[in-house]
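Asks: Each chain, written out:
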Amino acid sequence: MDLRYTDEQLNFARDVRDFTKQNLDPRVARKVLEGARLNREDYLGWHRALHKKGWIGVGWPKAFGGTGWDATYQHIFDEVTADEGAPQLIPFGLRMVAPVIMAFGDKTQQDFYLPKILSGEHWWCQGYSEPGSGSDLASLKTKAERVGEHYIVNGQKTWTTLGQFADWIFCLVRTSGEGRPQEGISFLLIDMNTPGITVRPIIMLDQEHEVNEVWFDNVKVPVENLVGEENKGWTYAKFLLSHERTGIAGVGRCKRIVKRLHHVAKQSTSNGKPLIEDIRFRDRLAQVGIELRALEITLLRVLDAEREKRAPGPEASLLKIKGSEIQQTLTELTMIAAGPAALPYVREGDGTSQDAEWLSDEAYRHASGTYFNFRKTTIYGGSNEIQRNIITQMVLGL
Amino acid sequence: MNFSFTEEQLALKDTLAKFIERDYSFDDRWKIIRSNEGWSRTHWNQLAEIGAMALPIAEQDGGLGGSGVDTMIVMEQIGRGLVVEPYLGCALLPVALLSRGASDIERAGLLERIASGETLVAFAHTDAGTRYERTQTRARATYANGGYALSGKKITVLGGDCADRLLVSACVDNDTAASLFLVPSNANGVKRFTYPMQDAQRGADIEFANAQATLLGERSNAQSAIDYALDVACAALCAEAVGAMTELHKTTIEYLKTRKQFGRPIGMNQALQHRAVDMLMHVEMSRSMAMDAAVALNDEAARRAKTVSAAKALVGRACRFVGQSAVQLHGGIGVTHELNVSHYFKRLTMINATFGDADWHLARYGESLLAA
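Going line by line, the protein sequences match chains A and B.
The numbering used here puts the first residue of the first sequence at 1, with every later residue one more than the last.
The numbering used here puts the first residue of the second sequence at 1001, with every later residue one more than the last.
Bound-form chain A, shown alone (with noise of 0.2 Å):
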């Protein structure tokens, strides 16, 4: 047993802060590191810049234009870039779609789509949940019904995260009725462009536009954006659930904000004295510090079960749950460190807007917004709840 990374994993950190120093935009970076909120080409940006690297296709095998890199390699380059400042790389293209696409999609569909995912080309976002569909997502009634060769999809998806930006979308659609919920259930591909879809915002509780509702009115799309077989989907459908697990725990962002956090509270004052020497603030901090390094540790478990081609033991069904604590909890730290700081609503948008730069204390600017943001990160990909069910079932055997 050893925790260190061996020399050559050391090398390859230092690659990609290198690289990372050199080519993204500190603007952008600058956003990042405030929890500002990022724009299409702020994403994009970074993406195109990866791409033209070699390392966007992380996680991906070299076959399909991948990084072929390892489970630890991929958690150093999200920990080094992370901490560098690069934005989140939006997962429903790189993460999601794409390794339903490499597993049940057929040649065609690998050829034309994996290679407009890599460059940036598309953009995805994922249709799931509907109005009457969250955990319970077997029960979704958009309907999908073969005409020709064509299905023509109607119904409505919502919580569609970034939709706005969207050039694709993939949706489970009800292609029979018959049979278990699960059992008539279809993965389909849908181009944002064809008549007939609606994006209307969701203005969530920061005033932020960041999901949608996504409305289909006799939309046509055609059989070969079918990817697998006709009312497989809940099997693709859980197969991308389960490949997004190891990303969730968001461990390089959070050691990012305890870093920055830690250094804010060295920096501002408290009745005088550096808030870091107030004892109620700074056990918050060191008990928030302790965990995040338990779940970087057990996340690192998991990491290196999958390397040895070990089944992972029941710590990989904790890192959603105790993920999701950590960020909320850190948000909620950020903003006790702003004290009054925390009031003001502070308009982000897409930068044409009101800007926030009347705001002296800038390492406050977004505490409170990314606050209420966060709120979500117990909610989505399964509610902190429905996972303990799933642990409940899968791991106690209860």
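The set of hints was computed from the structure by calculation and includes no laboratory data.
There may be inaccurate statements among the hints.
To be verified - FRET-style restraints, in silico, Cβ to Cβ: (1) Ala1301/B <-> Phe372/A: 36 to 46 Å; (2) Gln1328/B <-> Arg310/A: 32 to 42 Å; (3) Gln328/A <-> Arg1034/B: 25 to 35 Å; (4) Asn1269/B <-> Gly179/A: 23 to 33 Å; (5) Asn1269/B <-> Thr108/A: 28 to 38 Å; (6) Asp1175/B <-> Gln328/A: 28 to 38 Å; (7) Thr6/A <-> Ser1220/B: 33 to 43 Å.
Note that the Cβ used here is the ideal one computed from N, Cα and C, for glycine as well.
Position chain B relative to chain A; hints supplied.
Replies: Same frame as chain A, but now just chain B:
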């Protein structure tokens, strides 16, 4: 980076696990804790034969030169079996202390006798009324006629009931930093008040009144060895807690599956299921931190301190949550003496209270945030 054990480590784990299963059942343990001594020389010797005592001793001192990870493996099994023999108090702790706080010559013969299981050595460190302070300055040694006379009162000495020799921290004359002394426990001026502890382990409060003592290592230079030894002990306690929590969690899940109320297993109730999942999270996060602490023992002092305290703080909280939850999920039977659940709960509670509780270690970890 890898999390796998070597062949030797797997064999060590297997040997210990078999010892627990074959010779340390809950019934075996009952007999031991009800005996007059409260521990078993036979089982102690078995542990020595397995090589558990020689394991942490360096090869140049005649031991097996085991690592922190090896010790972790042993302590996990000790936690599983709720072993009451003072392996931590009379093997790990004195070995760690002697390895850094005594000269080669001073420790040579003693370590050999610890390795064979023949001699038990305990560490008398905590001055009455100082809680978890690591720098102890109340006990005093005076130098006269070419020797040292030691006076003071040390409390909750692990294995202090049965130890043949005592390692004692004390300041000489007007020194402000501690020195380390060796005192035979039957020496004149040594008075022991021995007792069983809540978790059925045994300990003693020990009074020294001008007891003749031998200085080990350099005068006034023992603190770094003491800090190291206590960090070794804390890492070991984390591993012991992981073993105990794993077993207790398993027992609790079994109970949730078999105990029926309202015509169905109580484990079908979501309130109980989610509590059981939260217990599992505490266990797995603790396992990760026990590993981190075990690996960090050879790091330089500041880094070691930070890592070990992070682990002990997290594990201490987990001990409380898992222990209390197991009792709650068992209901009435959980608060009886007859079932092993309460025994695990008590041991876990006392692990948190030994060598710094969760708050104490959180504060020590917090100090590192000031420095960095």
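Asks: Hint by hint, which ones does the structure fall short of?
Replies: Hints 3, 5 and 6 are the ones this structure does not satisfy, whereas the remaining hints hold.
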